[in-house]
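Undergrad: Dock chain B against chain A, hints included.
There are 2 protein chains.
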Amino acid sequence: MAYSTASHPVVDIHTHMYPPSYIKLLSSRTTVPYIHQPSTAGTDPRLIILASDDDASRPKSARGRPVDSTYSSFDEKRRFMTTHGITCSVISLANPWLDFLDPASALPTAQEINDDLERACAENNTSSAHAGIKLYAFGCLPLSASAKDIVSEIHRLKSLPHVKGVIMGTTGLGNGLDDPALDEIYAALASTSTLVFLHPHYGLPDSAFGGPEVIAKSGHVLPLALGFPLETTIAVSRMYLSGVFDRHPQVEFLLAHSGGTLPFLAGRIESCVAHEREFVANGGYKQGPQRSIWEVLHSNIYLDAVIYGQPGLKAAIEAAGSVDRVMFGTDHPFFPPLENEDEKWLSVESNKGAIDGCYPQDAEAKKKILGGNAVRVLGLEL
Amino acid sequence: MAYSTASHPVVDIHTHMYPPSYIKLLSSRTTVPYIHQPSTAGTDPRLIILASDDDASRPKSARGRPVDSTYSSFDEKRRFMTTHGITCSVISLANPWLDFLDPASALPTAQEINDDLERACAENNTSSAHAGIKLYAFGCLPLSASAKDIVSEIHRLKSLPHVKGVIMGTTGLGNGLDDPALDEIYAALASTSTLVFLHPHYGLPDSAFGGPEVIAKSGHVLPLALGFPLETTIAVSRMYLSGVFDRHPQVEFLLAHSGGTLPFLAGRIESCVAHEREFVANGGYKQGPQRSIWEVLHSNIYLDAVIYGQPGLKAAIEAAGSVDRVMFGTDHPFFPPLENEDEKWLSVESNKGAIDGCYPQDAEAKKKILGGNAVRVLGLEL
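Here the protein sequences come in this chain order: A and B. For the record, in the first sequence the residue sitting at position 155 is 155 according to UniProt numbering, with numbers rising by one throughout. For the record, in the second sequence the residue sitting at position 256 is 256 according to UniProt numbering, with numbers rising by one throughout.
Only chain A is shown next, with the shape it has when bound in the complex (with noise of 0.2 Å):
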């Protein structure tokens, strides 16, 4: 399968990076999430941002994930572009973000870090040595600072012409997305046209899975495969009752993986809804969502296409509505190859390869998934 990538931009919207005064953050840090670095030359730091890697019985040098390069290098993300047929990467930090910062403090790395994002990313689009590759960034917001700040942050950021939108979180300000001290910050979002990339990052509790002991038997699949997309789920969900798309119905999300698993089970979850004898009862919402779960899909909603299968990746252009909805992701550095990683990526290809499924007749529809929505929707100049 060809990608040509003088006819048409490839946009991957799903890509993360450290940058270095994130890395500088992690690296200071001793409880996660944190970067271990160790004593041994020639071996890479462990990056630890998840409570279950924090294995307190496995040295620290064996917890976590590897840091490389691949990281927090902007060469790094050229080269994986290039081998890729990538010509943009709309760059945002990876989970969790600023989340578990103390309030003081996280306005001023919030503007570090972003500040850092929009000046790797002009000098990017203006060296000639990177012709053909334009880099464009998700902001962060720094969520546990007051709402003020909070919106501060998000009016600076539209003065900071390659910053698109912000990834943000499910925990929102500490209590999840339904929490009613969102209000100010959606308003902020909605006004500003602010595109939300949500990513899940906490999952689900161990117990979900059987406990750690079962979870620990086939490594981090059932939190990866499972708890991610079931996090992300269950976020919008808990958005969609509360009603935030009726209260905001300006608002606009990009969701990871393709949604999680809402495009799913959008239908069960209006099916309940409609079934529900006491939404209103023990103090419960004084009215269920105004419009259905597909009108939100359909108008607040976008998805990426980081979904590694046909079936889910049809699902998700159907609920979406339409497929100027879906856009193309990757997910790197995560899920490189185990071996040989200057190859193309198994997990890069599988997500061409569903696109390419879906549309074997369309060159349209997958230009639009490739690259045409993400130029559209986010407004890169490319």
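Derived from the structure by calculation, the hints contain no laboratory data. Computed from a predicted structure; not experimentally measured. Take the hints with a grain of salt, since some may be wrong.
Unchecked claim - Some chain B residues near chain A, calculated using beta-carbon distances under 7 Å:
id : residue
1  : G176
2  : P180
3  : A208
4  : G243
5  : R247
6  : A266
7  : G267
8  : G284
9  : K286
10 : A319
11 : F335
To be verified - Here are the simulated distance ranges between beta carbons:
id : chain 1 : residue 1 : chain 2 : residue 2 : range
12 : A       : S159      : B       : G321      : 49 to 59 Å
13 : B       : S191      : A       : P212      : 49 to 59 Å
14 : B       : Q287      : A       : E341      : 19 to 29 Å
15 : A       : P59       : B       : S21       : 27 to 37 Å
16 : B       : S69       : A       : H298      : 38 to 48 Å
17 : B       : P108      : A       : N175      : 48 to 58 Å
Even glycine gets a Cβ: it sits at the ideal position worked out from N, Cα and C.
TA: Chain B alone, transformed into the frame defined by chain A:
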């Protein structure tokens, strides 16, 4: 939309009943699961099957859901079938089946209930009063009894001509479906070609949704719309990762609610397995699954079509590999209309509408999902 019952069978493979012996059993209990018989005349008993239903701050008469005659009356089942043009129902005990029984009573109780189901189906199918309506059943297993007793009931069920498989929850013998102690049970199920209808009951821990206060704000929506399908997805994934389908290549499962979210997430599961570095380390399984999740979906798994929407149903059919592996169901008597129970139920019509929407021009495909597949797979005589 018309579903001519004359031209082809319409088989409901997901439809629950509480036969008299099961109502009696639940009514004799005062802890979950139990039926509360109110002292006020004219008031329906209450069915409290989920721990989250048993809210001590409410009177028992307000906990759980009303159990009206639709739960236990075969006349009501037939009336529902006639209203919706259903010509055959494969009835199954509703959750939590017999999971809660003490070991000594499990086998005789399972035998009594299975014999009840067999008798009711036989009586219906030979009665001229019910011409045009056929009943079959999925039996239940005494999973808290010894492996020997469980295996003996699996074998005995083959002598009951109207029992066409068994219904099971996700806990197995108490430790999940990846429990090696189940190997003897899986071997018996495979050797007797007994289809397992896998159904959720336990949902997810409350904390996965943000705690009971968050859940209560939208009634049962989060546990029912998300907890149930996510439970199924986790259970099947654990089976897959632990090699159950490798050790028992003949075992066959019918997954409730179109597989939870397995069709949507299969690609991600496959990708996470392919990228896992430490499957065998730290007490992990000696090897990962030997067949791809797609191959298992195409050879060991059937899906019901209880998904209430076209995007989900399309993904289910696509993931199943063929329209031949997906079967219509209703989840009756759950999700009744909030008013006008005598009319066609929204929950049923949305599932039928999804089938229509997937195959607007393909009557043969529709007939397969609506009944043809169930007749072939279960060996129904209609």
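Undergrad: Would you mind marking each hint as holding or not holding in the structure?
TA: Status of the hints after comparison with the structure:
1. Evaluation of the B/G176 hint against chain A yields a held restraint, the C-beta minimum of about 5 Å falling below 7 Å.
2. The beta carbon of B/P180 comes no nearer than 11 Å to any beta carbon in chain A, farther than 7 Å, and the hint placing it at the interface is violated.
3. Against a cut-off of 7 Å between C-beta atoms, the interface hint on B/A208 holds, since the closest Cβ of chain A lies about 5 Å away.
4. Using the Cβ-Cβ criterion of 7 Å, the hint placing B/G243 at the interface with chain A is not satisfied: the shortest such distance is roughly 10 Å.
5. The restraint placing B/R247 at the interface with chain A is violated, with a minimum CB-CB distance near 15 Å, outside the 7 Å limit.
6. The interface hint given for B/A266 holds, since its Cβ lies 6 Å from the closest Cβ of chain A, which is under the 7 Å cut-off.
7. Of the supplied interface hints, the one on B/G267 holds, with its beta-carbon coming within about 2 Å of a beta-carbon of chain A, less than 7 Å.
8. Checking B/G284 against chain A: minimum C-beta separation of about 5 Å stays under 7 Å; hint holds.
9. Checking B/K286 against chain A by beta carbon gives a least distance of about 10 Å; that is not within 7 Å, so the hint is violated.
10. Checking B/A319 against chain A by beta carbon gives a least distance of about 4 Å; that is within 7 Å, so the hint holds.
11. Satisfaction of the interface hint for B/F335 is found here, the shortest Cβ-Cβ separation to chain A being roughly 5 Å, below the 7 Å cut-off.
12. Judged by the Cβ atoms, the range 49 to 59 Å given for A/S159 and B/G321 holds: they are separated by roughly 52 Å.
13. Checked against the hint of 49 to 59 Å, the pair B/S191 and A/P212 fails, with Cβ atoms roughly 34 Å apart.
14. In this structure, B/Q287 and A/E341 meet the distance hint of 19 to 29 Å, their C-beta atoms being roughly 24 Å apart.
15. Checked against the hint of 27 to 37 Å, the C-beta distance between A/P59 and B/S21 comes to roughly 58 Å, which is inconsistent with it.
16. Between B/S69 and A/H298 the Cβ separation comes to about 41 Å, which falls inside the hinted range of 38 to 48 Å.
17. B/P108 and A/N175 have their C-beta atoms about 49 Å apart, which keeps the hinted 48 to 58 Å range intact.
Of the numbered hints given earlier, the model fails hints 2, 4, 5, 9, 13, 15; all others are met.
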